[in-house]
Amino acid sequence: MSVSNQVLGMNARNFLYLNRYNKGRAKFAADDKLTTKKLFIKNNIPTATIIQAFATRKGLKNYSWDLPKEGFAIKPARGYGGEGILVFKNWDGLSGTTISSRAYTLKQIKSHILDIFDGIYSLQSIPDKAYIEGRIVPHRFFKKFGSMGLPDIRIIVFNKIPIMAMLRIPTEESHGRANLHQGAIGVGIGLRTGITKYAILRNKYLKFIPGTKIKTSGIKIPNWEEIMLLATRAQIVSGLGFAGVDIVVEKKRGPIVLEINARPGLSIQNANLASLRERLERVEALNVPNAERGVEIARSIFAEKFSHKVKEERKILSVIEPVTIFFNGKSGEYKAKIDTGAYRSSIDKSIVEEFGFHLLPDNIHVSSASGGGVRPAIKLEFNLGGKKISTIASVADRSHLQFPIIIGRRDLKGFYVNPLLSHEQKSSRFVDQDDHYEYDLPEE
Amino acid sequence: MKRKIFALFLATFSVVFSGQSFAQIPINVLPTPLISTESGELATPSAEQQKELEKRKEEDLTKPEEEKAKKEFLALFSKRQINDPGLTDFMGFFVQYAVRNGIPANTIILILLLPFLATMVVFVRNILGFPTLEMLVPIALAITLVATGPEAGAILLSTILLASIIARYILKRIRIMQLPKMAISMLIVSVFVFVSLVTSASFGLISITQLSFFPVLLLILLSDKIVGLQLSRGTKPAIVVTFFTLLLGSIGYAILSIEFIRGYILLYPEIILVLLPLNIVLGRYFGLRLTEYKRFAELRRYVSQ
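Chains as they are written, first to last, in numbering that gives the first Met the number 0: chain A, 0 to 443; chain B, 0 to 304.
Quick caveat, the hints were computed from the structure, so don't treat them as lab data.
Computed from a prediction, not measured in an experiment: that's the story for all the values here.
By construction, the Cβ of each residue, glycine as well, lies at the ideal position given by its N, Cα and C atoms.
Honestly, I wouldn't trust all of these hints.
What the hints assert, rightly or not - Simulated coverage check for chain A against chain B, where a stretch passes if three residues somewhere in it have a Cβ under 8 Å from a Cβ of chain B:
| no. | region |
| --- | --- |
| 1 | 10-20 |
| 2 | 110-117 |
| 3 | 268-280 |
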């Protein structure tokens with residue numbers, strides 16, 4: 000099959016992809032954010048929580064307005080381009096303030112919701128529903144790009160395969176919205192590494208993110224693989240064949256799906272300096288069994304040119320690993336046992352005394368084979384496999400045991416553990432032939 | 000809130016009822032020739048105006064033509080006499096048959112030229128990549144302009160657009176339900192159209208006084224769409240879309256009123272079949288639109304390497 004290296008234009012997008020792969024019903028459902036949200040919740044795809052949905056005047060009249068004090072958002076189900084959305088930063092039960100510092104009374108809010116019912120903000124001006132959503136607090140990583148709005152990640156997913164991705168940063172010009180044609184910044188993301196390369200603002204290439212000293216290239220998106228997987232699962236659930244999935248990383252819950260778009264824009268090609276059409280044609284005929292495989296395919300065939308220079312973040316640990324503990328400028332290396340059977344890490348009290356750690360005021364509950372109990376805990380910072388980990392560890396008398404520290408599941412995020420591997424073998428780079436598929440080591 | 004609405008009602012009624020006293024003042028104040036001249040001239044237009052009216056009637060290509068024009072059309076048919084219609088000329092035969100049997104040639108011309116306008120919109124949107132307000136709006140605008148004539152059309156359109164924008168602007172702040180809002184908006188537009196009619200009459204712009212209502216209705220629907228666009232997509236895109244819609248409407252108007260094209264389509268109506276393969280070719284063009292060559296200029300340099 001020949002693959003054209005042409006840029007994907009509107010004509011080709013509409014006829015070759017939207018018409019063929021986004022059928023009427025799925026498209027109608029995707030345009031209704033409330034329906035989409037319910038579908039996501041049903042399929043265990045994390046999304047912003049729905050606090051309350053209103054479909055009738057009666058429902059509106061009988062509602063208690065017992066809403067979270069730290070804020071919420073009121074949205075029309077079939078809204079377009081962010082119209083009709085009110086985001087509150089505080090609420091006292093009878094009135095609240097929006098993020099643009101406008102005060103609203105309960106009466107004004109009710110009137111706004113009645114407007115939504117009338118379809119003022121819906122795309123086709125048809126009667127609409129309204130819903131109240133929990134306020135999304137972004138992960139601190141996304142806060143540094145500017146104070147306007149909520150940065151999100153747009154991933155185009157086609158046939159269960161992520162095709163292209165970008166980070167979208169709202170600006171003052173875009174009025175806090177993340178749409179590129181409204182003046183938001185688009186930063187292309189390499190699918191293999193999750194590292195950004197180019198950025199555009201109104202079709203002009205940027206070296207730095209305006210208003211900050213952050214270079215637009217080389218930003219590494221946290222939880223990248225998880226984000227891609229989530230986007231792919233959302234596309235599969237939505238029934239759309241060709242979808243733009245918008246994801247935000249929340250402070251507490253991690254990546255969640257913000258919404259799904261049945262007619263994703265084409266500027267993402269400029270932000271990545273790559274053709275969508277070429278990529279789409281390369282994967283169109285593939286038979287992909289599930290989201291995991293789709294992400295795997297995307298990471299292999301859409302790998303960016305520089306990807307071989309980037310070390311994989313996922314490390315393989317043996318059962319016994321050296322850890323370096325840091326406290327008050329002091330550090331020391333110990334041998335730790337990797338224990339996937341334990342939740343928390345545990346540390347011997349001799350080390351605690353040696354470093355002079357302060358015990359936390361509250362003890363923590365632990366359960367073990369010898370029965371549950373309450374143990375004192377400390378705040379611990381250590382280095383494991385090249386990664387710095389901050390955690391809370393329980394303190395125990397481990398003097399009768401071989402290793403003074405055990406590392407529990409809580410602190411093993413992003414690692415593989417291979418029980419056949421001893422630390423010495425790993426350091427001599429000896430790889431057992433039978434398990435070589437488990438290694439995803441960098442080429443250099 | 001209730002008290003405010005009541006006050007509003009009271010204010011409205013008081014204006015209406017005290018209107019009697021207002022009504023006596025203004026008539027003589029208006030410095031318009033139509034009203035301030037002797038009463039005899041009010042009812043019947045002058046001979047000069049009568050002549051202009053006749054001319055305007057002849058110009059209105061959406062109305063059935065007058066006897067004189069009809070004779071001209073029939074004379075035109077002598078250029079292509081079809082006595083024995085075959086596969087290649089049966090369309091021409093039927094057109095001539097229809098005109099001879101009393102169907103207005105103007106109507107037939109408009110019907111036959113419609114697909115040309117549609118193809119023009121297709122070309123501008125899918126190949127050049129400029130936005131227009133749907134497909135039918137530029138076409139409807141072109142036909143409206145044919146019906147009203149260019150000056151009257153321009154005056155009306157700008158009046159209605161202005162009125163719609165003002166109406167939306169005012170009504171944005173008033174918290175009532177959507178349908179009554181639209182009714183009020185219609186009221187504001189109606190008042191503006193009425194005022195523009197009166198003003199035009201006072202300046203002696205005769206073409207606008209002879210308007211039938213349907214072009215006005217079409218223009219109101221059109222401006223409602225434009226204002227709706229401004230609401231949902233913002234001012235800048237709305238201006239761009241409006242510009243291209245008006246441009247296409249004007250080009251369409253030109254096509255519909257050029258004498259050569261009108262005569263040609265009447266004589267050789269088969270020409271519209273050319274649009275069939277043309278549209279199929281246009282419909283299979285999946286390359287970039289002209290505007291997209293600019294949008295993706297940098298990217299294209301990079302991708303083709």
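To see whether the hints hold, each was checked on the structure:
1. 10-20: Satisfied; 4 residues make the cut.
2. 110-117: holds (count 4)
3. 268-280: n = 6 at 8 Å, threshold three: holds.
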